[in-house]
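Protein chains: 2
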Amino acid sequence: MNRKTLTALFAMGIAASLPAAAQFQKPEDAIHYRQSAFTVMGTHFGRIYAMANGKIPFDAATAQSNAEIVAMMSKLPYTAFTPGSEKGGNTKAKAEVWSQPDKFKAAAQKMQEEVAKLNVAAKTGDIALIKAASGSTAQACKACHDDFRNE
Amino acid sequence: MNRKTLTALFAMGIAASLPAAAQFQKPEDAIHYRQSAFTVMGTHFGRIYAMANGKIPFDAATAQSNAEIVAMMSKLPYTAFTPGSEKGGNTKAKAEVWSQPDKFKAAAQKMQEEVAKLNVAAKTGDIALIKAASGSTAQACKACHDDFRNE
Numbered sequence: 001m002n003r004k005t006l007t008a009l010f011a012m013g014i015a016a017s018l019p020a021a022a023q024f025q026k027p028e029d030a031i032h033y034r035q036s037a038f039t040v041m042g043t044h045f046g047r048i049y050a051m052a053n054g055k056i057p058f059d060a061a062t063a064q065s066n067a068e069i070v071a072m073m074s075k076l077p078y079t080a081f082t083p084g085s086e087k088g089g090n091t092k093a094k095a096e097v098w099s100q101p102d103k104f105k106a107a108a109q110k111m112q113e114e115v116a117k118l119n120v121a122a123k124t125g126d127i128a129l130i131k132a133a134s135g136s137t138a139q140a141c142k143a144c145h146d147d148f149r150n151e
Numbered sequence: 001m002n003r004k005t006l007t008a009l010f011a012m013g014i015a016a017s018l019p020a021a022a023q024f025q026k027p028e029d030a031i032h033y034r035q036s037a038f039t040v041m042g043t044h045f046g047r048i049y050a051m052a053n054g055k056i057p058f059d060a061a062t063a064q065s066n067a068e069i070v071a072m073m074s075k076l077p078y079t080a081f082t083p084g085s086e087k088g089g090n091t092k093a094k095a096e097v098w099s100q101p102d103k104f105k106a107a108a109q110k111m112q113e114e115v116a117k118l119n120v121a122a123k124t125g126d127i128a129l130i131k132a133a134s135g136s137t138a139q140a141c142k143a144c145h146d147d148f149r150n151e
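Sequence lines, in order, name chains A and B.
Numbering-wise (our numbering), the first sequence opens with residue 1 and increments by one.
Numbering-wise (our numbering), the second sequence opens with residue 1 and increments by one.
For the record, the hints were derived by calculation from the structure and aren't laboratory data.
Because the structure is a prediction, the values reported are computed rather than measured.
Just so it is clear, CB atoms sit at the ideal spot from N, CA and C, and this is done for glycine as well.
Fair warning: there could be bad hints in the mix.
[To be verified] Which chain B residues stay away from chain A? Per the calculated CB distances, all over 10 Å, these:
1. Asp-29
2. Gln-35
3. Lys-110
[As the list claims (entries may be wrong)] Below 35 Å or equal to it, Euclidean Cα-Cα: the simulated DSBU-like pairs (lysine-lysine) are:
4. Lys-105/B x Lys-123/A
5. Lys-123/B x Lys-117/A
6. Lys-94/A x Lys-123/B
7. Lys-87/A x Lys-105/B
8. Lys-26/B x Lys-75/A
9. Lys-131/B x Lys-26/B
10. Lys-103/A x Lys-131/A
11. Lys-55/A x Lys-92/B
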């Protein structure tokens with residue numbers, strides 16, 4: 001990697017988070033990352049939910065691939081609720097994320113567990129199982145949003 | 001799923017993309033999604049790149065898990081360069097994405113191929129291989145940004 005390419009990487013923002021062991025250089029980076037991860041997760045979950053509830057045609061393979069993405073994405077956002085990222089960017093995170101960490105962690109784990117079950121259900125191709133699991137997942141999303149996210 | 005929960009889902013934005021077969025209800029949704037996918041991909045690629053270039057300590061397992069995420073994310077953004085999403089949100093996409101679709105597709109495939117090679121390299125745990133593959137990946141990122149993304 002020559003200097004010119006490295007400079008270009010910095011300009012692209014890719015290398016901007018390089019220094020030190022911190023995963024995010026700035027609080028805004030952490031906020032932007034976690035919101036991005038939730039956006040991708042929510043988009044793919046929305047497609048499963050829509051299929052499970054008859055809003056778009058059901059396709060088992062599509063449900064399965066979306067569930068795989070949701071399962072992977074569900075693991076990503078939580079490292080980015082870093083100390084110092086309580087404010088900044090356009091975060092909607094409530095102070096309770098940091099003041100009630102055990103409760104927040106439990107809510108995150110609940111979502112991840114429901115998503116894992118949804119992923120198992122999706123592999124069966126059984127729309128009834130997928131519908132039930134997507135309902136439970138949606139409720140876990142909502143519960144965490146109610147407690148930890150401002151509108 | 002009762003009506004109350006469904007209403008809550010709409011309020012959360014999760015159900016907002018339900019209608020019809022379109023994957024994105026509004027151009028802004030497609031723009032937000034593709035930018036989010038690139039943000040997550042770039043964050044995890046940045047960590048590999050930083051390790052490969054001695055900016056942060058090298059850890060083989062961390063490189064491997066990040067490469068898995070990059071590989072998965074690399075497949076996601078391109079469905080979201082939909083007709084009608086040339087403008088809107090804060091997109092930086094150049095008109096050439098839509099006017100030179102074959103060239104754009106080739107640039108996307110080049111990145112995906114380099115990322116796939118990076119994922120293979122990461123599994124070896126060999127930092128020299130990872131450094132070489134991350135350099136090639138960075139150049140593929142840059143080449144596409146040069147041609148298809150405004151600063």
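Results of checking the hints against the structure:
1. Asp-29: The assertion about Asp-29/B is violated, with a minimum of 8 Å to chain A.
2. Gln-35: violated (7 Å)
3. Lys-110: holds (15 Å)
4. Lys-105/B x Lys-123/A: holds (30 Å)
5. Lys-123/B x Lys-117/A: holds (28 Å)
6. Lys-94/A x Lys-123/B: violated (39 Å)
7. Lys-87/A x Lys-105/B: With Cα atoms ~38 Å apart, Lys-87/A and Lys-105/B exceed 35 Å; violated.
8. Lys-26/B x Lys-75/A: holds (27 Å)
9. Lys-131/B x Lys-26/B: Distance of about 40 Å is beyond 35 Å: violated.
10. Lys-103/A x Lys-131/A: holds (27 Å)
11. Lys-55/A x Lys-92/B: holds (32 Å)
Taken one by one, the earlier hints fail for this structure at numbers 1, 2, 6, 7, 9, listed in ascending order.
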